[in-house]
Amino acid sequence: MQNKIPTHPMEDYLRMDRMPHIWCPSCGLGSIVTAFMKGVKNAGIDLNKLALVSGIGCTGRVAGYVKLDSYHTTHGRAIPFATGMKMANQDLTVAVISGDGDLFAIGGNHLIHAARRNMDLNVICVNNFIYGMTGGQNAPTTPLGAYSSTAPYGNYEQPFNLVGLAAAAGSSYVARWTALHLQRIQDSIEEMAKKKGFCFLEIISPCATVFARKNKGGTGLDLLQDYKRRSSIDHNADPQKIPLDMDGEIVCGVFVNDEKPTFAENVEKGTSRKVKEHPLYVQDRKDQEV
Amino acid sequence: MKQSNLHGEFFMQGNIACAEAALSAGCRFFGGYPITPASEIAERMAFRLPQVGGSFVQFEDEIASMASILGASWAGVKSMTASSGPGISLMLENIGLGIMMETPCVVVNVQRGSPSTGLPTSWGQSDMMQARFGSHGDYGVIALAPKSPQEYFDLTIVAFNYAEKYRLPVFVTSDAIVGHMTEKVYIPPVDELEIINRKYTNKKPGDYQPYTIEPGQWVSDFAKAGDGYLYHSTGLTHDERGYPDMSEACHIQLVNRLIDKIKMNVDDIILLEERDLDDADVVVVTFGTTARTVVPGINLAKKKGIKVGFLRLITVWPFPEQKIRDLAKHVKGFVVPEINMGQIVLEVERCAGGVLTKSLPHPGGGIHDFKDVAKAIEEVAYAK
Ligand SMILES: Cc1ncc(C[n+]2csc(CCOP(=O)(O)OP(=O)(O)O)c2C)c(N)n1
Chain A
-2 MQNKIPTHPM
8 EDYLRMDRMP
18 HIWCPSCGLG
28 SIVTAFMKGV
38 KNAGIDLNKL
48 ALVSGIGCTG
58 RVAGYVKLDS
68 YHTTHGRAIP
78 FATGMKMANQ
88 DLTVAVISGD
98 GDLFAIGGNH
108 LIHAARRNMD
118 LNVICVNNFI
128 YGMTGGQNAP
138 TTPLGAYSST
148 APYGNYEQPF
158 NLVGLAAAAG
168 SSYVARWTAL
178 HLQRIQDSIE
188 EMAKKKGFCF
198 LEIISPCATV
208 FARKNKGGTG
218 LDLLQDYKRR
228 SSIDHNADPQ
238 KIPLDMDGEI
248 VCGVFVNDEK
258 PTFAENVEKG
268 TSRKVKEHPL
278 YVQDRKDQEV
Chain B
15 MKQSNLHGEF
25 FMQGNIACAE
35 AALSAGCRFF
45 GGYPITPASE
55 IAERMAFRLP
65 QVGGSFVQFE
75 DEIASMASIL
85 GASWAGVKSM
95 TASSGPGISL
105 MLENIGLGIM
115 METPCVVVNV
125 QRGSPSTGLP
135 TSWGQSDMMQ
145 ARFGSHGDYG
155 VIALAPKSPQ
165 EYFDLTIVAF
175 NYAEKYRLPV
185 FVTSDAIVGH
195 MTEKVYIPPV
205 DELEIINRKY
215 TNKKPGDYQP
225 YTIEPGQWVS
235 DFAKAGDGYL
245 YHSTGLTHDE
255 RGYPDMSEAC
265 HIQLVNRLID
275 KIKMNVDDII
285 LLEERDLDDA
295 DVVVVTFGTT
305 ARTVVPGINL
315 AKKKGIKVGF
325 LRLITVWPFP
335 EQKIRDLAKH
345 VKGFVVPEIN
355 MGQIVLEVER
365 CAGGVLTKSL
375 PHPGGGIHDF
385 KDVAKAIEEV
395 AYAK
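So the protein sequences, as listed, match chains A and B.
Number 287 marks the last residue of the first sequence (our numbering); no jumps.
Number 398 marks the last residue of the second sequence (our numbering); no jumps.
No lab work stands behind these hints: they were computed from the structure.
Virtual Cβ for every residue (Gly too), placed ideally from N, Cα, C.
Treat the hints with care, as some may be off.
[To be verified] In silico lysine to aspartate or glutamate, EDC-like type, Cα no more than 16 Å apart, as pairs:
id, chain 1, residue 1, chain 2, residue 2
1, A, Lys38, A, Asp14
2, B, Lys346, B, Glu393
3, B, Lys179, B, Asp274
4, B, Lys318, B, Asp281
5, A, Lys64, B, Asp221
6, A, Lys64, B, Asp241
7, A, Lys46, B, Asp241
8, B, Lys179, B, Asp241
9, B, Lys217, B, Asp235
[Said to hold, decoys possible] Incomplete in silico selection of chain A near chain B, CB under 8 Å:
id, residue
10, Asn39
11, Ile42
12, Lys46
13, Ala60
14, Gly61
15, Asp66
16, Ser67
17, Tyr68
18, Thr70
19, Phe78
20, Ala79
21, Thr80
22, Asn86
23, Asn106
24, Val272
25, His275
[What the hints assert, rightly or not] Simulated restraints, written as ranges between beta carbons of each label pair:
id, chain 1, residue 1, chain 2, residue 2, range
26, A, Thr4, B, Lys218, 20 to 26 Å
27, A, Met7, B, Leu286, 28 to 34 Å
28, A, Asn45, B, Ile273, 30 to 36 Å
29, A, Met13, B, Lys218, 44 to 50 Å
30, A, Lys191, B, Glu262, 56 to 62 Å
31, B, Pro377, A, Gly132, 42 to 48 Å
32, B, Gln72, A, Ala165, 42 to 48 Å
33, A, Met13, B, Thr131, 23 to 29 Å
34, B, Val269, A, Tyr153, 28 to 34 Å
35, A, Met13, B, Glu262, 22 to 28 Å
36, B, His150, A, Gly245, 40 to 46 Å
Build the full structure now, drawing on both the sequences and the hints.
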């Protein structure tokens, strides 16, 4: 068996019949997908019971490449689609991977409400500070002063601080890493897969094709060098106080890791006794014995 | 587990009957957002779903509501949402996703006076073309229009059955009149109802492709999330594997099938109520609650000696094209009263092949004056 053809280490987890993928060279998404699949595997969950939902965008394409029950939905609506899945079958682990525009512009309302409800979902936002798929328009994360195709004079909008927003909305778990912190990403994904409640992970990811090109950021490798120079780890940082800008510090870490009842647990607790005493419930059960 | 339902004879509101029908059909997930005149459906589901082991979520908007029922359906549970004009407008993009992914679910539109916020507490039938063409692109749709709380119950069951059989979101297009009307409703025990459940694949995971259509079928068998099939589904144009395929050939095949699965099964899908059609000179084509309010007008015209036929579209979409074509061969003309400014009349006209077709529009908030109905029938009957 010496001349066994070497296989790609991720072959068991990817739809190899869909390769090559559409992502540009030096995009962060490839390594993020690897870290995601390793993380969920390390969590020891049954991958047959893991559903992945994406919205639309470069990141939205993740759902198409992983060997999971996977759904590529509409722009911004991955979270409510995932909520329906989770509420229909509590045995599923449901993850969402999507872009910053998808999750925080068009889908921003769904994100904060799912966090408020503490819906048992693992949401991973790949933040490249720009709209990748559509060719480099402004995103709600584009730093003040950065150039995009719809901010030709530099962005004059204040960006969202994603971890601050996710924490304020009530998430049970909030973390931020860059695409350089692959082991940390993997560990966070593992923690999220094991944890109940709304878990949010922001991953700062290089987009050489549009973000760097518009902002003289060089190659994808240059962006990663830049993240290395700018990032620090501080788990105790207040997520409200660590917004991102063009060249300031990128504070990373796990900022929130709380235990609190999920939506489904609250439903169960709130309804079980009242429901069981209700005559209609009794009638339904009686019929079932017949 | 054997399913059960609330059954017996009730004095029941239309919207409540709709909710009970959903539960009888096996619906176990409802995602919604409050809106008059549809809120009673959500309220009833919030109250009843926990009793039958299902779940209810009141979402932040109708966009989320619609997306959620698609997700629930893919997780293996029959699901429904209900709204009215403004909310349905917000749902349209994800209704299209449901069409494209071929997701069984039911969307109830309790129509109110429109456009925009229009008449929240009053009725209309002006979203019929929206149901047909509202989401972007070409596709087949099914819409059922009840005229009474009893029929609201019956048709909601049918809607769930069609959704499973043809794999798409099915509309129940009621209105504020039938939604808020209280009448006698008989709900049979669940085992006396004809209920179609999802057809899951019996193939093994490696052999299964989510969009392979077996010979003689129009849709593929289902696999739900969590069963180990590890399939992909997308709103992009896709092949049998569910993989995106941007080729013209794939797009032609997919779009045609989304249309043909409805078009080639009209005989199974179309439900009509027909009265006095054989020797009719004038046929009144009507649907929903209008089918009740125009009856005195028809009777008045009959008293004047006109042979009036009555055709009620229980299934509005797909439209009964052949029925109109056949009638057009021997009638003098059609009268189409509807509580909109002339939507279904366009379809009648299209199929009537030049036979006189008279629109009797009403913008909503009221009903037709029966004398106007009689007058329109007379005009057609005595037209030169
Ligand atoms: C309703 C709707 N509006 C707009 C678009 C076009 N669109 C596709 S992807 C995208 C933005 C993607 O940006 P982001 O979410 O940041 O993801 P990225 O591509 O950067 O990974 C937009 C606006 C769409 N598909 N649907």
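Outcome of the hint check:
1. A:Lys38 to A:Asp14: violated, 21 Å
2. B:Lys346 to B:Glu393: Satisfied, since the Cα-Cα distance of roughly 11 Å is no more than 16 Å.
3. B:Lys179 to B:Asp274: Between Lys179 (chain B) and Asp274 (chain B) the Cα gap is close to 14 Å, so the pair holds against 16 Å.
4. B:Lys318 to B:Asp281: Violated: Lys318 (chain B) and Asp281 (chain B) sit about 35 Å apart, past 16 Å.
5. A:Lys64 to B:Asp221: holds, 15 Å
6. A:Lys64 to B:Asp241: Judged against 16 Å, a Cα distance of about 13 Å means the pair holds.
7. A:Lys46 to B:Asp241: holds, 7 Å
8. B:Lys179 to B:Asp241: Violated: Lys179 (chain B) and Asp241 (chain B) sit about 21 Å apart, past 16 Å.
9. B:Lys217 to B:Asp235: Holds: Lys217 (chain B) and Asp235 (chain B) sit about 9 Å apart, inside 16 Å.
10. Asn39: The hint is violated - Asn39 (chain A) has no Cβ within 8 Å of chain B, the shortest such distance being about 19 Å.
11. Ile42: Hint on Ile42 (chain A): violated, closest Cβ of chain B at ~12 Å, above 8 Å.
12. Lys46: The hint holds - Lys46 (chain A) has a Cβ within 8 Å of chain B, the shortest such distance being about 5 Å.
13. Ala60: holds, 7 Å
14. Gly61: At about 6 Å, which falls below the 8 Å cut-off, the nearest Cβ of chain B leaves the hint on Gly61 (chain A) intact, so it holds.
15. Asp66: holds, 4 Å
16. Ser67: holds, 5 Å
17. Tyr68: holds, 5 Å
18. Thr70: holds, 6 Å
19. Phe78: Status holds, d = 4 Å.
20. Ala79: holds, 6 Å
21. Thr80: It holds, given that the least Cβ distance between Thr80 (chain A) and chain B is near 5 Å, below 8 Å.
22. Asn86: holds, 4 Å
23. Asn106: Since chain B brings a Cβ to about 5 Å from Asn106 (chain A), closer than 8 Å, the hint holds.
24. Val272: Holds, because the Cβ-Cβ distance from Val272 (chain A) to chain B comes to roughly 5 Å (cut-off 8 Å).
25. His275: holds, 6 Å
26. A:Thr4 to B:Lys218: 20 to 26 Å: Between Thr4 (chain A) and Lys218 (chain B), where Cβ atoms are some 23 Å apart, the hint holds.
27. A:Met7 to B:Leu286: 28 to 34 Å: violated, 56 Å
28. A:Asn45 to B:Ile273: 30 to 36 Å: holds, 35 Å
29. A:Met13 to B:Lys218: 44 to 50 Å: With Cβ atoms ~19 Å apart, the hint is violated.
30. A:Lys191 to B:Glu262: 56 to 62 Å: Taking Cβ atoms as reference, Lys191 (chain A) and Glu262 (chain B) lie about 46 Å apart, which means the hint is violated.
31. B:Pro377 to A:Gly132: 42 to 48 Å: holds, 44 Å
32. B:Gln72 to A:Ala165: 42 to 48 Å: violated, 22 Å
33. A:Met13 to B:Thr131: 23 to 29 Å: Once the Cβ atoms are compared, 52 Å apart, the range 23 to 29 Å for Thr131 (chain B) and Met13 (chain A) is violated.
34. B:Val269 to A:Tyr153: 28 to 34 Å: violated, 42 Å
35. A:Met13 to B:Glu262: 22 to 28 Å: holds, 26 Å
36. B:His150 to A:Gly245: 40 to 46 Å: Because 42 Å falls inside the window, the suggested range holds.
Of the numbered hints given earlier, the model fails hints 1, 4, 8, 10, 11, 27, 29, 30, 32, 33, 34; all others are met.
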